[in-house]
Amino acid sequence: MGVLADTLQGPAVDWFSISPLLVLLGGALVLLTVAALTPPWPKRWYAVFAAKCAVAAGVLSVLLWRQIDSEGSTTLVGDTLVLDKPAVWIAITICLAVFLCALVTDDYLRREGIDGPELYALYLLAALGGIVMAAANDLIVLFLGLEILSIALYVMAASHRKRAESQESGIKYFVLGGFSSAFFLYGVALIYGGAGSTNFNKIVAAMEPTVGSDRTNDALVLAGIALLLVGLAFKVAAVPFHFWTPDVYQGAPTPVTAFMASAGKAAAFGAMLRVLLEALPNWSDDYRPAVWMIALLTLVGGSVMAVVQTNVKRMLAFSSVSHAGFILVGVEAAAHRPGAPMGGDGVSSVLMYLLIYSVLVIGTFGVVTAVGRTGDSATDLAGFRGLAKQKPALALAMTLLLLAQAGVPLTSGFVAKFGVISAAVDVHSYAIAIAAMVSAVIAAFIYLRIMVSMWITDEEAGDVAREPVRVPALLTVAIAASVGFTLVVGLFPGWLINITP
Amino acid sequence: MIDFPILTMLVLMPAIGAVLVALASKRHPDLVKITALGSSVLTGGFSLWVLFAFEKGEAGFQFTSQHAWIRPWGISWHLGVDGISLFLIVLTGVLFPLVIAGIDSHSKSMSDQKRYLSWMLLIEAGVMGSFISLDLFLFFVFFEIVLVPMYFLIGGWGYEKRVYAATKFFLFTMVGSAFMLVGIIATALLAKADDGRVTFDLIKIAENADFAASTGRWLFFAFAIAFAVKVPLFPLHTWLPDAHTQAPTGGSVILAAVLLKMGTYGLLRFGIYLFPEAAVWSRPLFFTLATIGIVWGAIAATMQTDLKRIVAYSSVAHLGFIVLGTFALTTTAVSGGVMQNINHGLSTGALFILVGMIYERRHTRQIAELKGLQKVAPVFAGVFMIVMLSSIGVPGLNGFVGEFMVLVGSFATARWWVTVAAAGVILAALYLLWAYQRVFHGEPDEANQGFEELKWKEASLLFPIVGLIVFTGVYPKPMLERIEPSVKAFIEHVEQHSEYNEPSPGEPVIVEEEHGED
Amino acid sequence: MELFVFVVAAGMVLGGAVGVIVRSHPVHAALSLVLTLFGVAVLFVAQEANFLAAVQVIVYAGAIVVLFLFVIMLLGVDKVEDLRIEPFKIQRPAAVAVGAGLLSMIALAIIVSRDAKPPTVTQSEAVQAALDGSHDSNIRAIARDVFSDHVLAFELTSVLLVIAVVATVMLARKPRKGEST
Amino acid sequence: MTAAAVTVTTTWYLLLAAALFALGVVGVMVRRNPLILFMCIELMLNAVNLTFVALARRFGDIGGQSIVFFVMVVAAAEVVVGLGIIVAILRRKPNATTDDLAELRG
Amino acid sequence: MLDLIWLIPALPLTGFLVILLFGRKLGDPRSGYFATLMVAASFAVTVGVFIDLMSLTSEERSGHVQTLFSWIPSGSLHVDLAFLADPLSLTMCLFVTGIGSLIHLYAVGYMHGDARFSKFFLYLNLFAFSMLMLVLGSNMLVTFLGWEGVGTCSYFLIAFWHEKESAATAGKKAFITNRVGDWGFMMAMFIAFWAVGSLDYSIVNGGGAGMASSTSTAIALFCFVGACGKSAQLPLYLWLPDAMEGPTPVSALIHAATMVTAGVYLMVRINPLLGVADSYAPTVIAIVGAATALFAATIAVAQNDIKKVLAYSTISQLGYMFLAVGSGAYVAAIFHMVTHAFFKALLFLGAGSVIHGMHHQQDMRYMGALRKLMPVTAFTFIIGWLAIAGVPPFAGFWSKDEILLFAYDKSPILYVVGLVTALLTAFYMTRQVIMVFFGKARWHDAHEEHGAHGDLTPHESPTTMVLPLVVLAGLSIVGGIIQLPSWSWIPKDLAHRLENWLGPIVHGNEHELSTSAHDLSGMLALVAITIALAGIAAAFLVYSKHKVKPFEPQILADGWGYDRAVSWVMGKPGRKAFDGVAWADAHVIDGAVNGSGSLVRGTAGQIRKVQSGNVRNYAAAIGGGVVLLLLWFVIARGIL
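Residue numbers (my numbering), protein chains in the order written: chain A, 6 to 506; chain B, 10 to 527; chain C, 162 to 342; chain D, 3 to 108; chain E, 226 to 865.
No lab work stands behind these hints: they were computed from the structure.
All residues carry an ideal CB built from backbone N, CA and C; glycine is no exception.
Errors might be hidden in some of the hints.
[What the hints assert, rightly or not] Sample of chain C residues facing chain E (criterion: CB under 7 Å; computed from the structure):
id : residue
1  : 266
2  : 269
3  : 277
[Stated by the list, open to error] Distance windows between CB atoms, simulated:
id : chain 1 : residue 1 : chain 2 : residue 2 : range
4  : E       : 388       : B       : 429       : 33 to 39 Å
5  : B       : 170       : E       : 853       : 40 to 46 Å
6  : D       : 93        : A       : 473       : 31 to 37 Å
7  : E       : 687       : B       : 452       : 50 to 56 Å
8  : E       : 797       : B       : 452       : 25 to 31 Å
[Unchecked claim] Output of the computed footprint for chain A on chain C, the stretches with three or more beta carbons under 8 Å from beta carbons of chain A:
id : segment
9  : 303-311
10 : 317-327
Working from the sequences, and respecting the hints, build out all of it.
Here you go:
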């Protein structure tokens with residue numbers, strides 16, 4: 006009888022604002038369906054297509070950026086997504102990552118004989134999840150984004166059927182990932198219990214009155230925050246939730262590792278900033294010390310653990326842990342100035358770091374991909390021996406990228422570190438700043454080791470017999486791009502700093 | 010003339026050269042060498058131009074050029090030269106061509122040779138940059154970037170334990186600069202308070218910002234650690250013997266002659282200049298460390314069995330004098346320190362060259378395996394003797410002038426330390442003469458019979474340096490009158506920003522007329 | 162009455178959970194899981210979440226557990242896991258410690274904040290209308306909520322399922338020649 | 003009935019859920035069979051669901067329930083993928099326990 | 226002529242440069258003659274300047290400064306490269322260049338045929354230059370320049386035959402021991418500069434009145450430390466005996482006539498400071514001087530090496546000079562310096578001639594009865610002997626007597642010590658003369674021992690060597706003329722010439738003899754003479770007539786074992802300490818550096834065990850993290 010009376014009004018949807026998501030989704034679906042129906046595409050097409058989708062999404066994001074410039078930031082789809090600069094920034098970062106990873110992946114797949122559209126589709130979908138994470142305005146949406154990204158990554162990690170390591174890394178990542186996201190979800194539940202909603206604005210609103218007054222009644226929320234932190238810390242690979250990182254990074258197909266280290270980290274940190282600064286600004290005093298501690302552990306732990314490694318992928322895994330520590334320093338700095346819509350040096354320094362590091366790490370793993378040779382197994386230091394003789398250009402590129410990771414001036418890495426450190430210093434957390442720099446020195450040791458084996462160590466008898474290192478076209482493009490970016494940003498960082506929100 | 014960006018050229022010329030060398034084709038080896046030499050010679054030419062165009066009486070910075078680099082962070086490409094940095098530039102400009110032309114890198118292949126040369130030129134660019142940059146950030150960039158080529162130089166062309174030495178050098182120095190980077194940022198951000206926008210400009214900060222005493226001291230130490238490592242100041246010196254010994258001759262020369270000076274120069278220009286109060290406050294510490302360094306380095310040198318290590322440790326001792334003079338903060342002492350930078354560069358550089366030649370001839374640096382070289386190679390021995398005497402600090406050679414000025418200048422403010430430091434002069438004679446006796450005196454055994462006399466090529470590399478050694482020793486006035494005004498201004502700056510007052514000696518009873526001003 | 166239901170259901174839930182942890186045979190573990198799931202379903206009903214209760218039984222107890230059993234049977238991985246031996250000495254104490262710590266902390270939090278005034282939650286009028294509606298309000302309300310306030314989340318779940326499909330395709334697809342598993 | 007004197011508040015449910023969650027955690031840490039390890043994760047998710055539902059009732063908010071609905075989907079997806087990976091591995095080495103899957107270490 | 230002072234050092238410098246460039250071409254002997262010519266020319270110039278100066282009144286004689294250029298102008302420190310022409314510096318120049326040229330000439334013969342002939346004169350000229358810088362310097366720093374220069378040259382020349390291990394070592398020893406003294410000199414300069422703001426003698430000396438007596442004392446004593454090093458006084462005399470390793474002309478020029486007197490010169494130069502210094506300062510100097518004199522004399526008694534005897538006697542005579550300085554007898558000090566330069570140079574050259582004739586045999590036990598074979602050498606040597614023994618009217622007598630006179634006035638003890646030294650001096654010199662020139666020829670034994678062949682009969686030396694001997698002999702006879710005592714029978718205008726000449730330098734600070742001493746002077750002279758004769762007589766009894774068994778205990782031969790003690794300290798505990806430092810540097814300091822490195826590796830090695838690769842452990846770690854976080858949030862932040 007009253008059926009006509011209550012026709013459902015869904016929330017208004019500004020399709021343009023979510024167009025990047027749609028492009029990525031569409032791209033993935035096309036790859037899956039069309040590729041499934043058509044005979045295998047000629048080589049490179051899958052990769053190029055995926056790359057194009059990423060570019061398209063990126064371009065749209067840039068347009069959105071313009072729009073924000075003119076009309077300011079808004080929320081979308083019934084308050085569940087935010088459209089603001091950090092969100093778009095992360096989106097662009099992720100698209101860039103997808104673009105480069107696609108190029109790196111192309112020849113890799115054919116080399117390993119597992120060609121096919123699925124992996125690219127997963128890139129795109131994972132990217133979608135990541136963007137959602139960074140743009141979420143609702144814990145559940147954020148959680149779903151997280152799951153999309155994670156599950157995609159589980160599969161990708163396990164996708165190299167020939168290598169037992171690949172599958173082992175898959176299962177490990179999966180189990181621990183599920184474990185930690187259960188914690189995250191429980192955290193969401195507890196916060197829901199305290200705030201009566203999972204929407205950021207509502208949470209802030211609901212908690213406003215209790216702030217300052219007697220705090221006992223939000224113990225639930227505090228417990229929730231703890232569990233949320235666990236979930237996020239796991240994703241960004243912060244000590245002591247980092248244990249999966251080396252194993253997974255080493256086991257996963259190298260291009261996938263690159264994707265994890267770039268897009269994965271970017272999304273996770275985007276989400277972390279959202280949760281801590283947007284949803285829980287009133288608790289900054291509570292979680293800042295925790296973040297501080299985690300940052301310290303991550304910095305030191307990552308660098309120290311890296312020192313004893315001999316497998317380059319593992320080294321880079323630990324170095325990515327210590328990079329996460331650096332970014333956490335920025336987060337800690339940002340947490341001194343919560344509230345104010347994603348403002349403050351902290352946030353921008355983190356965002357800049359994410360972009361720079363993503364490009365950097367993909368380039369690095371790109372080189373590793375090439376050096377890994379067929380079977381993706383020659384990734385220990387010995388694999389790099391005498392690379393300078395065999396492929397001077399490649400060695401030089403790797404050297405530059407490593408120096409950048411070490412934070413040597415005139416490279417993008419230095420700019421990134423500089424930004425984070427100055428953010429920390431600006432809020433007078435000197436101790437963590439110095440700790441960060443010192444641990445950077447420790448980490449530098451492993452980069453030097455890699456350089457040594459490329460440039461200085463003499464080749465041994467067996468080395469000449471090894472399969473030569475091939476650097477196919479698309480991979481070259483990817484590496485060249487990231488090296489170029491590294492140098493340009495290193496020499497003229499002004500513009501980048503200017504545009505970072 | 011000023012509108013020609015000559016200082017910028019000092020940095021760019023070698024950098025461009027490095028790139029060209031790297032790109033040059035392997036098929037024209039001579040072309041590679043010529044490119045490298047050409048760019049370094051040009052750079053040297055520019056540095057000499059700076060020297061001659063330099064206004065004598067001027068205390069302030071000359072040839073300054075400033076362009077915004079990273080606006081959002083208030084960082085600019087700000088270069089300038091004053092009396093304190095002038096001769097460091099000239100030394101760098103003159104030494105590099107000599108090293109590039111005169112010292113064989115013993116590269117295995119042509120591509121090796123190319124790499125060697127471009128690393129060399131990169132070092133030159135970095136060193137030049139750090140001597141002329143007037144922007145904290147810019148300085149740090151140069152200060153840090155030098156590590157990389159040096160690392161590869163030691164690691165790639167060094168001796169037995171080269172990788173260990175190179176890594177040690179890289180990480181050790183990096184730890185130091187880790188603190189400095191934080192210090193630099195903190196300085197800039199704290200200085201911001203006064204005038205809204207952030208700036209990394211050395212002069213602006215030094216003139217405007219006044220930090221609370223405690224803050225200033227923390228910041229000062231953040232800087233000082235980095236420089237102390239670079240100098241190297243006892244007890245942060247142990248990277249140096251390894252680096253020096255393992256580096257190829259060219260590397261050792263550069264390392265000793267110019268790289269270490271980035272430390273002493275930094276202490277002066279960035280440490281004390283920015284934080285006079287803290288510097289004055291912490292002088293006893295630095296006096297003590299410097300003095301210990303002088304004695305300790307000398308003693309350690311005496312006991313070395315490796316000729317190159319002796320020279321390396323002698324650097325520790327000599328740099329101790331420079332630090333002592335720098336912190337003594339009297340015009341004479343500071344000028345002496347600045348001058349000693351150059352003197353040490355010349356004499357120790359030459360010593361490393363000579364040791365390198367010995368190694369090339371005998372393929373050993375072990376004193377025990379050398380004997381009676383003076384008999385078979387008297388000229389070689391003679392040159393070695395002159396350089397050694399300058400290093401010992403015998404009057405009439407350059408070493409003495411700086412050393413004496415440092416000591417006499419420091420006596421007023423650091424009496425007891427000077428008393429000890431002066432005793433270090435005895436030790437200098439001890440270890441060098443002992444080494445000389447073991448290597449050059451006595452009857453040469455058959456292994457050393459065939460020791461070649463100094464060749465013309467080698468002579469042409471050494472004689473310019475020897476010439477400078479003698480000239481500076483006999484007639485240092487031209488140098489001093491260019492250094493002095495800047496030093497005076499520097500000390501006035503310190504006096505303004507701290508309660509330190511430069512002591513002046515008791516008034517002479519006879520008026521100054523007797524002293525011919527020229 | 163309510164108490165009785167809670168106690169029984171709680172018993173099922175915990176009993177099942179303990180079963181999952183201690184039963185050494187995978188199949189038994191799976192069956193204990195079913196027990197837990199049913200208990201949860203009961204509690205759902207007790208919490209007036211009828212629709213969810215139904216889904217719980219159908220999806221979980223039905224699909225998921227069956228899937229588990231299927232895999233167990235298919236791969237014949239029904240090897241009895243000997244729970245008496247534990248390669249890592251500290252593992253179990255650690256497990257207990259963590260479990261106890263976790264439980265105590267959260268329980269503490271819950272108890273401390275039990276009397277806190279629950280925040281006022283306002284339903285979107287569409288949902289409210291559904292709730293006021295006389296018959297099968299729960300399902301209608303969920304439906305309206307899902308398609309209004311949580312529509313994005315709903316769409317995202319679809320993406321999730323797509324990934325699941327791709328995953329199975331990737332992982333299960335017969336390796337082409339040249340590949341060896 | 004006298005039993006009605008005692009009212010079952012939301013807190014009871016929350017505590018129960020917490021207990022269930024804790025059991026799940028313990029399970030993950032003690033069981034070696036990947037499948038069972040997996041079930042334990044399911045336990046944890048169920049605990050969360052229970053919490054949501056209880057809270058949803060307390061607030062009279064239907065949103066909580068729809069969240070549970072989504073969680074179930076997530077759980078399903080996870081199971082599918084997880085089982086996929088496990089199958090792939092167990093095909094390679096039957097009866098492998100998680101302890102056997104420790105090639106990557108250090 | 227006064228403005229030609231610069232020529233005095235310039236000429237030897239020219240010689241140095243020319244020989245440096247063309248030495249090989251000039252060769253042997255031309256380069257030698259050239260060098261000699263240069264020094265001789267500089268002597269000529271000196272004479273010219275000297276005459277100029279003479280013609281001035283005593284007031285005008287002091288403070289003629291010739292500034293070449295400003296050397297180190299920095300801050301308040303202004304050091305010019307300037308020369309000071311005054312009676313003192315000129316006196317020094319005269320005998321430096323005079324005796325210098327003689328010894329150059331001598332060396333032409335002595336070094337004939339040496340492989341590095343020209344190099345020898347290269348060093349010799351450089352030495353002459355440095356020595357002249359030392360004495361002519363108008364400020365302490367220029368003096369120091371020469372001071373170090375002569376030190377370096379003596380290093381070169383001692384180690385001239387560097388193939389000989391002992392020679393090389395001796396050279397090194399000399400340099401380093403001198404460095405110890407230089408430390409004192411530098412300290413003195415530092416204090417002086419900060420006291421008066423300049424290093425010019427005019428200002429430093431003039432400022433003496435103004436500054437605290439403690440300051441002037443410090444300057445004076447630190448200078449004395451330097452002097453001890455240069456002039457081989459206790460405890461730094463060690464290097465001089467070893468320095469005999471050098472060619473004999475070197476020993477004559479550097480280690481007898483000129484360089485070693487630099488210390489005395491310096492003390493006289495700063496006599497105004499000594500004047501205003503605390504009274505104990507001169508006393509210290511006098512005591513050290515006297516002690517050294519006696520100490521060295523005792524050692525000389527038991528030496529068998531012809532040059533070692535002379536070396537110790539030199540040390541002893543220098544002791545006399547410091548005794549004089551300490552007693553305020555600056556003129557006497559200079560007087561003795563000059564006479565000593567004459568006769569000691571003579572003796573050394575004589576000894577050189579003997580060695581030359583004996584085919585480099587230096588051990589006196591293998592000599593004897595040489596007076597027939599080397600008449601000239603013997604004759605001149607005997608004159609030198611009489612001079613040093615203090616037999617009138619030879620030069621040595623007058624100077625030594627005057628010193629003793631002042632010593633007596635300072636303190637009887639010092640006088641007695643001086644007297645005993647005089648006795649010993651006469652004794653050991655007589656001993657030497659007898660062993661070398663008289664008695665029976667013992668040189669065959671040596672040759673048999675050394676199993677040498679051919680005709681090794683000693684022979685007289687060539688003219689180039691003999692000529693200087695004769696000249697010096699003449700000077701040793703009449704040298705006393707320049708400063709005769711004011712005794713009744715001595716014409717007034719002959720007496721105290723040197724004193725009047727040096728008046729402007731020392732007036733006011735020269736000790737005024739008490740009347741008692743003045744009256745006693747004749748008496749004391751007689752005592753001195755008897756003592757000298759007694760010494761000679763005793764030596765005759767022992768060594769010629771063999772009435773008494775010679776008393777030459779080993780302890781004396783070893784120089785009281787002082788040298789050995791010092792080298793033991795340097796060798797054993799000293800070396801230990803050095804090794805300790807080196808060890809600490811390598812293991813403690815660098816150990817800390819490398820240790821921190823291995824610490825990181827170690828911890829990493831431990832942590833990686835946790836990275837076991839097992840999922841359940843990782844889960845446990847995560848769980849632990851969760852609990853910790855909950856502890857923080859729920860307990861620390863929530864409930865507390």
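Please list, smallest to largest, the hint numbers that this structure does not respect. Numbers 3 and 7, in rising order.
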